[in-house]
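Chains A and B supply the protein sequences, listed in that same order.
Note that the numbering used here gives residue 243 to position 67 of the first sequence, counting from 1, and the numbers run on in steps of one.
Note that the numbering used here gives residue 788 to position 72 of the second sequence, counting from 1, and the numbers run on in steps of one.
Some hints could be false.
[Claimed, not checked] Capping the alpha-carbon separation at 30 Å, the derived lysine-lysine pairs in BS3-like fashion look like this: (1) B:K731 / A:K295; (2) B:K827 / B:K895; (3) B:K731 / B:K896; (4) A:K312 / A:K296; (5) A:K247 / A:K201; (6) B:K731 / A:K312.
It is worth saying that the hints were derived from the structure and are not from the lab.
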Amino acid sequence: MLSMKNISKSFATDNVVTHALRDIKLDLSEGDFVSVIGPSGSGKTTFLNIAGLLESSTSGEYWLDGEDISKLDDKGRSRMRNQKIGFIFQSFNLIPDLNLFDNVDVPLRYRGFNAAERKKRIEYHLDQVGLASRMKHLPSQLSGGQQQRVAIARALATSPRFLLADEPTGNLDSSMAQSVMSLLEDINANGTTILMVTHDNGLAARAKRQIFIKDGQAQELMQGHHHNIHNLAAV
Amino acid sequence: MLELGPMLRALMRNKIGALLIALQIALTLTIMVNAIFMMQERNRQMARASGVDEQNTFYLSNTVFGENYPLQSNLARDLDQIRKTPGVVAATQINAIPLSGGGWSMGLQTKPGDDVDGTGTAVYFVDTQGITALGVELLAGENFSESDISWRERTSNKWPPKIIITQKLAEKLFDGDWKKALGQTVYINNHDPMQVTGIVKSLQSPWNGWDNTEHASLVPSQLENKGSRLFIRTEPGRRDALMPQIEKMLADSDKQRIIRNVKTMTETRAESYREHQATNNILLTVIIVLTLITGFGIVGLAMFSINRRTRQIGTRRALGASQWQIMRFFMLENLLISSLGVVLGIGGAIGLNIWLVSTFAMTPLTPGLLLVGCAALLLVGQLAVSYPALIAARISPATATRGRA
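Could you build all of it, start to finish, from the sequences and the hints given here?
Dropping the structure here:
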């Protein structure tokens, strides 16, 4: 479903070339739950941006759902983001002036669904995250955990091929983090593929696969090597 | 898919900035439409025909300083000399110049008597060549003959028995039917009868702002004055060459007078409407400055709003918005704000116009002008917001994952 081969990203500034990612290889299958961990500045966010088509790689191949991403123009990439990827951000990124209904509606309008279809999807997914009764509320009237649930509903509403979660619990206290994590596990159990970037090793360990990124290079950790993760992350 | 509903709801939650811009647009529309309306009124006034063949006519002043100067015979000599000059079509002595700002006016009435209401008219004393020299068109009746022309002293209050009047004046005097005027007797100075022997299509008075400026009369008299004006019409294209030639000829032929103020009717028109033109230029400047300020205000608000919403725009891009959809979002948002401004502005423009009409007795403004004003401001809004919208469209979707809170 998702296949990256030799993905590299470098930034050139004033005669200095910085390699943010080097030769990343990753294959994601239907129903995977992959966590990506690594220290600050390791290239996690760059990796996530490339995987989510938010920025382009300098070299390498990236196939998503049978399409060669490098061949797409900006419009094509926008369409792929809208149709194939659901985003969950660390800071929730809800639009503060829009109520929950309208927030979940944003990607659905870009998708071009009609009003009835959008309404059905919004209500279903807000109900799924337990916030159907608060559709007319503004994000500022919700707790952080609730806001992240709305963001998850927004990400799921377009029926994406996979969810891309960027530190989804980074701004939440531990009990809210646990509840959001449980929600993600439920979503994965129902068949949605998830790629999650986190710096929380405990949460990372709950994923089916773990990728460790350091100095722009990725390494897949084998199951049962949770202790190693701790050691590596502390580097 | 358009986002009118959510956009409106979001605007309602953040109304101050949008409302201020809408008010600015309303004010601009109010002033712009009325300023254009006033310019149109002036342009209409300036476009009125004077009735004179302005392109081919000029005039000059003849001031005599010699003692015992034979005014009558020398005027005849001067006119004869001018009329014999190749290229001259006609020449006449005249007391006043149309559009020049100075002249004679009298009251005309259809019945004699001190208590009868009269109609004001400009009076031009001319001879048999008056009609041809001015280039006015005789619609009915006949021109004056040599025997009609009488001499008039400066202090005289006597009036000759014939008069030629303009069509507009004839309509005013005879209930809208100018044809009825021919042959009728009208009274000048309340009691002095004059027969209408001719009607000319149009001839304006010396005063462009006068209500009765289309009311003028030609009276067959020659003035026995030391100061007089000669009005000359040339063949097309020969005016400019003949002006210095005739000036020199007259000056050389008689050293007991001064020839001065040689001026074309084209210059006289330009001078007459100089204030109108200046006012129009000022109004145009006001419109342009006001529109620019509004345009910059829109750019400013849009830039501020985009800077404030950078992360939000990145998020929208991440969620699948194309660059065009981001651009369209800001253009549509501006269209909503501008539309509110335009709606408020229509009210303002009509209100100001009602006040102008009632205070300065102007004609009311047309719906067409109002519509053009609205369309122009909506277009200005879209043009002004297009650059900020382009900047917004270029915001990277990766902005959504940067700058963590």
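Results for each hint:
no.	hint	in the structure
1	B:K731 / A:K295	holds (27 Å)
2	B:K827 / B:K895	holds (18 Å)
3	B:K731 / B:K896	violated (67 Å)
4	A:K312 / A:K296	holds (15 Å)
5	A:K247 / A:K201	holds (19 Å)
6	B:K731 / A:K312	holds (19 Å)
The structure shown violates just one earlier hint, number 3.
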